[in-house]
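Enquirer: Read off the chains here:
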Amino acid sequence: MTAYLIATLTVVAIAALVGLALNLQWGMGGLVNFGLFGFYMLGAYIAGLLTVQGAPPLVALAVAMIGVAALSAVSALISVRLSEDYLAIVTLGFAECLRLVISYEGWLTRGMLGVTGIERPFQNLWPRGFADIGFLAIALFAVLIVYATLQGLARSPFGRLVRATRDDPGVVEALGKSVLNVRVRVFAVGGAILGLAGGLHAFYYTYIDPTQFGPIITAYAFMAVVVGGRGSNRGVLVSAFTLIFLLEGSRFLVDYVHGLGASELAAIRLFIVGVGLVVLLIFKPDGFGREPRSTLAAKSSSSL
Amino acid sequence: MGQLLVNGIVAGLLLALPALALSLTFSVLRFANYAIGSYLTCGAYLVYIGNVVLGMPLWLAAGAGAILFAVLAVAIDWLAYRPLRDRSGVTLLVASMGVAIALENVIRFFAGNSPRAYDVAVARPIRLGDVRLNHEQLTILMVVIVALAVVWIVFRFTRLGRMMRAVADNPDLAAVRGITRSRVVACVWLISGILVALSGVLVGLDANIEPQMGWTYLLPVFTATILGGIANPMAAVAGALTLGIAEEFATLVMPVHYRMIVTFLVMVALLLLRPWGLFGTRWVTK
Amino acid sequence: MNGPAAGLELRDVVAGYGGQPILHSISFSVQPGERLVVVGPNGSGKSTLMKTVVGLLRPMSGAVRLGGADVTALGAPARAALGLAYIPQETNIFRNMTVLENLHVGYEFVAPSKGPTFSERLEAVLGLFPEIRVKLRSTAGHLSGGQRQMVAMAAALMPKPTVLALDEPSAGLSPRNAGLLFEVIGRVAASGVTMLIVEQNTQLGLGAADQGIVLVNGHVRLAAPAMTVRTDPEIRRLYLGGV
Ligand SMILES: Nc1ncnc2c1ncn2[C@@H]1O[C@H](COP(=O)(O)OP(=O)(O)OP(=O)(O)O)[C@@H](O)[C@H]1O
Ligand SMILES: [Mg+2]
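Residue numbers (my numbering), protein chains in the order written: chain A, 6 to 309; chain B, 1108 to 1393; chain C, 124 to 366.
Keep in mind the hints are simulated off the structure, nothing from the lab.
If you're wondering where the values come from, they're calculated on a predicted model, not measured in any experiment.
All residues carry an ideal CB built from backbone N, CA and C; glycine is no exception.
Heads up, a few of these hints could be off.
[What the hints assert, rightly or not] Short, incomplete list of chain B residues facing chain C, as computed with Cβ under 10 Å:
(1) 1229
(2) 1233
(3) 1236
(4) 1238
(5) 1239
(6) 1266
(7) 1275
(8) 1276
(9) 1281
(10) 1282
(11) 1288
(12) 1319
(13) 1339
(14) 1353
[As the list claims (entries may be wrong)] Take a look, some chain C residues computed to stay more than 10 Å from chain B by CB distance:
(15) 184
(16) 203
(17) 347
(18) 350
With the sequences and hints as input, model every part of the structure.
Expert: In structure tokens:
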């Protein structure tokens, strides 16, 4: 039971990171990223492959963060002259292509066989039998750091600029600030967080293959942000550790409910997420949390 | 070479119907429906029920399934999209993603993940010189061309067509000229529902019926639509053909499983160079 | 639509965008067959008034009556079916459709089935605007500004409306064409159509009208016979920039 709880919490912590990344990009920045899972997958593969090659896990993680940040920035650049609608399809395309390359370039990624024997950071620090708890601590620590960073960012002048770009890009342009620049930076920072989350995923499972990375990652993240309230980092954390916890925790029902296999349960879970997204957007568009902002910006609030 | 061209045209025609549907809904609702991939899957499975479970002949199952799905598309619009119509476009995007996830998992729940196929007789391919054309391809060719012709005639020469084009062009003016928007919106969903469901059947004939089938079409359909200029339905067809042929010829230099990358590169190049689309007139907006 | 001209009346109408009122308690009435011109500075709410009249904007309070019936709850298509035609200030044609299609759309969704046929109305309207006859097959968006204005006017007249709401019909026209347009407006009015006109060119507008209203900051500052508004030097100095 404890082992089960630890496992669920670790998965939730990683999902919370993805949620926080999306909250920066979409919640604060207004930029829809439908390709979350691709960027996350890239982070996992960079971290996993580098550690297997003998790089220290923390170095591998740092490289993953930088790499994903760079690619995120590039994908934001593609939609330079376009509205946010196009960014959504570009990120989706990017993610799909990443998945294809990773699946088929076996010489580099071991393709469908997957990467085995990935080493976790601080693996030898914990006493026997406490490896998973130790890793959970690392994951939670990462969530804490990211949360603190994002809170700081939300209150900084840059945070104000990001929200202003979301609410009224025209005004930002008129003030002589480059909207493109803001978008690219938001995407890059979000990408770094996604790289971190992906890296932790690789470390946690110590084995990765392309089938692990599906749209469920994207779905959970959108759910966390919509429930938590767009722009509210605290809301995202709360909804991740309640809602996603419940959804993930429902995996154990397989052993209890007769006639429901793992894949049926997964389908029900995702169905709930999909319907929940629409229902919340209609009836509770601001979610249950509140966007942090410095008092100066509080006046220029917007409901969208 | 001839074979590549034929395959490319067929691949393009497969894209043409969903691209037309996507562009139709975009032009009237200004909303890019990310659930269109799941719509395609859903249509394919509805027809599968008629064809395999209920034992109807495929043409009958396709007709019934397409109409049923069209009604479903209107219902989805009423339940999910209509309440969000006045919100920002991005909200609708996310809602359509929610719809996509929900639909796809209803299918997974009831039908499982294993691929299925329609109940059709296997026939020998036709040979024209050194070009081979199998029966599925022939069916695709005919169905798509007929469907496109019907849509074109409706669009150009009927009251309904003028209604849709008027709302797409200038919704306020259309309202003061007596056109009730909600009725046009329902018609648009009906038409695009039929088109998407039919394309689901054709994709199922060409390959398999499985829960992912629509998802793999999402990117090409969007790319084809953007190629045509997203608010320009008939040009989306030209976009689909171009993309189908480009993908097919790209197999000369790239492995087949990288089709999607070709699609993506086409889209990126397009977005950087000609974001209003490759074809025809620029939509007059000044 | 068929039958005699209908009157138009607004009673204590408050309207605006996003909960912010732009129009404050507007009341006026236009008798059947009469012409009322609304003048006022830019941004005073003239177009907002027109949108409220035709049903594109729901008033926050107050009532709109058309031909004696309360139409406040009706949307724009329903009001159009009652014989109210409108030409917006901007984008008043379907730019991606041909001129003929524009006229068709103007006719087919509101014209009563028992009334004159499309071709009868087409001939009648082309009689008023002979210049667009040669352009029937052209894409409307490719026409010149003056031609577009004529197409817009022609499309609005296609169903033989009883009340016509015109938002700055002379905008972008040369003085000569503006004069010609108002000649047509005069002829249409003479056939008994009730008219509500917003016009920048106060001389031209008020010259063609029976009644005049001066709208400033969303308030009716003055309502008087058009002749008075036009000629009273005090009024012109105060509200119309002394032109
Ligand atoms: N769609 C809208 N949303 C919000 N505010 C609007 C909208 N349309 C107009 N306004 C505001 O309403 C006020 C009145 O605008 P309106 O267009 O009615 O003026 P007008 O008298 O027609 O001006 P003009 O002579 O320039 O045509 C303006 O302050 C304008 O900014
Ligand atoms: Mg105006």
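Enquirer: All hints are to be evaluated individually against the structure, with a verdict given for each.
Expert: Hints versus structure:
1. Below 10 Å, beta-carbon pairs count as interface contacts, and residue 1229/B has none with chain C, the closest being about 46 Å; its hint is therefore violated.
2. For residue 1233/B, the interface hint is violated, the least distance from its beta-carbon to any beta-carbon of chain C being 41 Å, above 10 Å.
3. The beta carbon of residue 1236/B comes no nearer than 42 Å to any beta carbon in chain C, farther than 10 Å, and the hint placing it at the interface is violated.
4. Of the supplied interface hints, the one on residue 1238/B is violated, with its beta-carbon coming no nearer than about 39 Å to a beta-carbon of chain C, more than 10 Å.
5. For residue 1239/B, the interface hint is violated, the least distance from its beta-carbon to any beta-carbon of chain C being 41 Å, above 10 Å.
6. The criterion of a C-beta within 10 Å of any C-beta in chain C is met by residue 1266/B, whose closest approach is roughly 6 Å, and the hint holds.
7. The interface hint given for residue 1275/B holds, since its Cβ lies 8 Å from the closest Cβ of chain C, which is under the 10 Å cut-off.
8. Proximity of residue 1276/B to chain C holds as hinted, the smallest CB-CB distance being about 4 Å (cut-off 10 Å).
9. With a least beta-carbon distance of about 8 Å to chain C, the hint placing residue 1281/B at the interface is held under the 10 Å criterion.
10. Hint status for residue 1282/B relative to chain C: holds, with the closest Cβ pair at about 4 Å, below 10 Å.
11. Satisfaction of the interface hint for residue 1288/B is found here, the shortest Cβ-Cβ separation to chain C being roughly 8 Å, below the 10 Å cut-off.
12. The closest approach between the C-beta of residue 1319/B and any C-beta of chain C is roughly 37 Å, which is over the 10 Å cut-off, so the hint fails.
13. Annotation: residue 1339/B was flagged as interfacial toward chain C, and the flag holds, the nearest CB pair being 9 Å apart, inside 10 Å.
14. Restraint check, residue 1353/B versus chain C: the minimum CB separation of about 28 Å is more than 10 Å; hint violated.
15. Its beta-carbon lying about 21 Å from the closest one in chain B, residue 184/C satisfies the requirement of being farther than 10 Å from that chain.
16. Not every CB of chain B is more than 10 Å from the CB of residue 203/C (nearest about 4 Å), against its label as outside the interface.
17. Taking the minimum C-beta to C-beta distance to chain B, about 29 Å, the non-interface status of residue 347/C holds against the 10 Å cut.
18. Listed as a non-interface residue, residue 350/C keeps its Cβ farther than 10 Å from every Cβ of chain B; the least gap is roughly 31 Å.
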